[in-house]
Amino acid sequence: MEISNTFVCLMGLGTVFLGLICIILLCMLTGTICQKFDKPSKASLESKVTETPSVISDRQEFIAAISAAIAEDLNTDVSAIRILSVKKI
1 MEISNTFVCL MGLGTVFLGL ICIILLCMLT GTICQKFDKP SKASLESKVT
51 ETPSVISDRQ EFIAAISAAI AEDLNTDVSA IRILSVKKI
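Residue numbering for the sequence shown follows the numbering used here, starting at 1 and increasing by one per position.
These are calculated hints, taken from the structure and not from any lab test.
Careful: at least some of the hints might be erroneous.
[What the hints assert, rightly or not] Here are the in silico distance ranges between beta carbons for each label pair:
hint, residue 1, residue 2, range
1, 67, 14, 52 to 60 Å
2, 30, 73, 47 to 55 Å
3, 11, 75, 38 to 46 Å
4, 39, 10, 52 to 60 Å
5, 72, 6, 55 to 63 Å
6, 70, 11, 32 to 40 Å
7, 89, 30, 27 to 35 Å
Using N, Cα and C, we set each Cβ at its ideal position, and we do this for glycine too.
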């Protein structure tokens with residue numbers, strides 16, 4: 001008895017999609033389990049909101065460090081870079 005090519009192709013596709021569905025279900029199950037154990041408390045959420053922004057003590061040194069990092073990344077000289085403003089993201 002010879003098995004047709006169509007049957008083999010459909011069995012292969014079915015096996016692949018069944019495996020993918022199993023992976024999706026395992027990911028969803030793992031996500032639900034992790035969410036049960038990782039619920040942040042209300043106190044930690046409130047403390048994150050009340051944080052004050054940090055003040056840069058030496059702004060010139062901070063801008064020099066930024067321009068040196070950008071110059072290194074662009075393979076240019078620091079004097080070729082002009083930083084007009086710095087905004088916290």
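Hint by hint, here is what the structure shows:
{"no.": "1", "hint": "67 x 14: 52 to 60 Å", "in the structure": "59 Å, holds"}
{"no.": "2", "hint": "30 x 73: 47 to 55 Å", "in the structure": "37 Å, violated"}
{"no.": "3", "hint": "11 x 75: 38 to 46 Å", "in the structure": "55 Å, violated"}
{"no.": "4", "hint": "39 x 10: 52 to 60 Å", "in the structure": "44 Å, violated"}
{"no.": "5", "hint": "72 x 6: 55 to 63 Å", "in the structure": "59 Å, holds"}
{"no.": "6", "hint": "70 x 11: 32 to 40 Å", "in the structure": "56 Å, violated"}
{"no.": "7", "hint": "89 x 30: 27 to 35 Å", "in the structure": "32 Å, holds"}
Of the hints listed earlier, those the structure fails to meet are numbers 2, 3, 4 and 6, in rising order.
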